[in-house]
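Chains as they are written, first to last, in the numbering used here: chain A, 12 to 227; chain L, 702 to 1290.
Source of the hints: derived by calculation from the structure; they are not laboratory data.
Bear in mind the structure is a predicted one, so any value in this text is a computation, not a measurement.
Incorrect hints may appear among the rest.
Stated by the list, open to error - Label pairs and their calculated CB-CB ranges:
id, chain 1, residue 1, chain 2, residue 2, range
1, A, 145, L, 876, 52 to 62 Å
2, L, 774, A, 98, 21 to 31 Å
3, A, 130, L, 986, 31 to 41 Å
4, A, 98, L, 793, 54 to 64 Å
5, L, 761, A, 96, 28 to 38 Å
Where a beta carbon is used, it is the ideal one built from N, C-alpha and C, also for glycine.
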Amino acid sequence: MTPPGYRLSALVALLALQGAPAFAEASVEGRVELPKPLHAAVMNKRYGIVSYNGVLSPYPPLAVIYLEGSFPRAAGEPQARMEQKDLNFQPAILPVQLGTRVEFPNLDDTYHNIFSYSPAKRFDLGRYRSDERPIPTVLFDATGMVTVRCDIHEHMRAIILVLDTPHFVMSDPSGAYALKGLPAGRYVLKVWLDSRTTLERPVELAEGSRLRADFP
Amino acid sequence: MTTPPEPGVPGVASFRRKLLVAMMLVVSVVAVAILLFAQHNMARNVRLDFQREFQNELAALRAVQEVRHAALAERCRVLARRPRIHAALEDGAPDLLYPSARDELVDVMDTGDGAAREPGAYTLRARYYRFLDGSGKAIPPPNARDVGELGPAEESQLNLARLPDTPQTGYILRDAGAPGETIDEVIAMPIISSENGEAISAIVLGFVPPALGGGSPDAWIQGGIWLGGHLDLPAVPGPSRGELAARLTREIAASDGDHGGFEVRSDEAPYLVSFKRLNPGSLFPAAYEVSVFPLAASLARERRLVWEFVGAGALLLAGAFAASHALSRRLSEPVEKLAVDSQENREHLHRAEAALQSTSQELQRSARFSADASHQLKTPVTVLRAGLEGLLAGDHLAPEGREEVSALVHQTFRLATVIDDLLLLSRMDAGRLQIQFTHLDLAPLLEALMDDLGALPDIFDLEIDSDIPRSLWITGEKRFASLILQNLLENARKYNLTGGRVRISASAQGEWAVVVIGNTGTAIPPPSQEHIFERFHRGAVGENVPGHGIGLNLARELARLHGGDLRLLSSDEAWTEFELRLRLSRDAP
């Protein structure tokens, strides 16, 4: 995040913002072939994130599809929510736009202590219960994958993907997705499958076009 | 019973002495053997007891250690699962590793001043900790003060060849070379990735090892640790630490197993040293638990035991000697008595033999005299009879004279009979009479004799009846059997009364031929009854009865020579009865 880069992207965003309303929005849809679960079956359905050989992946498999390009920063602070419910994070995987404030309400009867040591965002919310007000929040101001853990419950893990784009969507469990309301232009369409696997494909979106993009 | 041995019996005293010596010898040998065996056994038992005690003590101490070790390992395991440590390792925050661990280890780490190495304190607190990276090398801490300071040489001892999958126990040398060098215990607990089940790191915690025997210098067992030629052992009064370490290094190198032991025999204080691998199979260098065990107490016990045995043995021997003395006395008593008795017996025997000798000589002499006398007498009797018969044959005798001479001739016959009987008796007395045993039928013999009896001029007008089987076979010589029966029949006739009766019966009874001859007549008075078979005895009744008093004697002697007997059955005013028994012939024709 060097200052010149920042300026440049701000300029591009401004240009895009100016042109955007004039055109009909494009969309991308398709199907991602989700990886087979590496574990035969997770007996305990509490796990939203499983790991194998150092790779964190959602369970059951899901994909996050997002469009990477030069987009204007979000106006204001987008809000997101990751609950702690039944000794688990819900959702277990949460894509957010850069600059989003995520709140972590505790819906269990017990204490939780949400923290992350991930370089993208280190935080430690301390121990709190469901009656904690205001609900603790974290502002995610750097892109990257943030592994969220509970210091009390070692099995609890979640992933927050901080993306520098407003255009992202979760696939459904079958892998189907649809990104809508996209501006025309050249972008990179990315599919995040797990902590180590991100597929990508350059796309050129014409106005009002409906692109079909299947992975792989 | 306790007749003292007569002084005149010299063999008995020596017998008793020999018996006593033999018994004492046996008793001594047996007692000494038993004592030696018992002592040997007891000594072995004492040693075994001692070793067992030692092993028990060690086992108890080790059990405490194991509990402690398990507690430590459990703490480490809990630590290794902490989400923050996992987060620091897995979520790419190595800089947060030690700071996170510091928070997590607050209750595990030694609170401070570090030097709190109190003897006997089974401390569960760690003095320092380090993490190992993926290759097993210690990750240098950002701030050594927070994690317990270690010198570079000490820290390098924490490095392992690879990350362990299981907890490892190791020992590292602190302050090497310094006089106060010590050995610390470290536990390396792998941190297993929750992602892939593989070890991603390990946390190594260092502890002060608990001292075996409580670390006090006067504890029974002194325990320490040997590591790579160094020995961390609290004060041992006996062997010097350096010598012991060198000896241990040799012995451990020589031992193939994980444990062993040896004795240090020094003059003042012998020691039993045993060693046991503390961390078998560990990735850390081998360390050995060393237990030093003073043998002084055991030796003192053994010595006391030996003295007790010597005392007991002496008592036992004394008792045994007394017992054997009494026993030999008791045992020799019958022998002594026997010796005395046999002495007396021998004397009696001698006297009897002498008497027998003289009697025999007397007898021989008298028998010879009788024989000689008989021979000497027979000739003049024959001459006398011939002379008298010559006188009778002549014509120059008056009828009165002739009667007189006739009576004299009759007397010469009687004389000849007496002489014959005497001759026979004397032969019997001298043992020269041999019976020629043959099978002999008594029945015809008796009948012939009865015929003879009937043929005699009967002055008494006797009635003779008999009960004789057709045949009755005996073994004997006809001449003598006939003589016996003749004698008896003669008597029955002679001592009868006018109009009297003689009864003869014969029968086989068992193995005997029994002939009973009874007659009427005057009773033999009871005082005389037992003397009638004696030689030259004549009943008072028979003064006017011809006889010379040797007939019954001769008959009985002959009957006995035949293996039979002759006895008086009864005699009263009415009836006198004799019984003759002779042996039946077994295989009569």
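Evaluated hints:
no.: 1; hint: A/145 / L/876: 52 to 62 Å; in the structure: 55 Å, holds
no.: 2; hint: L/774 / A/98: 21 to 31 Å; in the structure: 27 Å, holds
no.: 3; hint: A/130 / L/986: 31 to 41 Å; in the structure: 38 Å, holds
no.: 4; hint: A/98 / L/793: 54 to 64 Å; in the structure: 25 Å, violated
no.: 5; hint: L/761 / A/96: 28 to 38 Å; in the structure: 52 Å, violated
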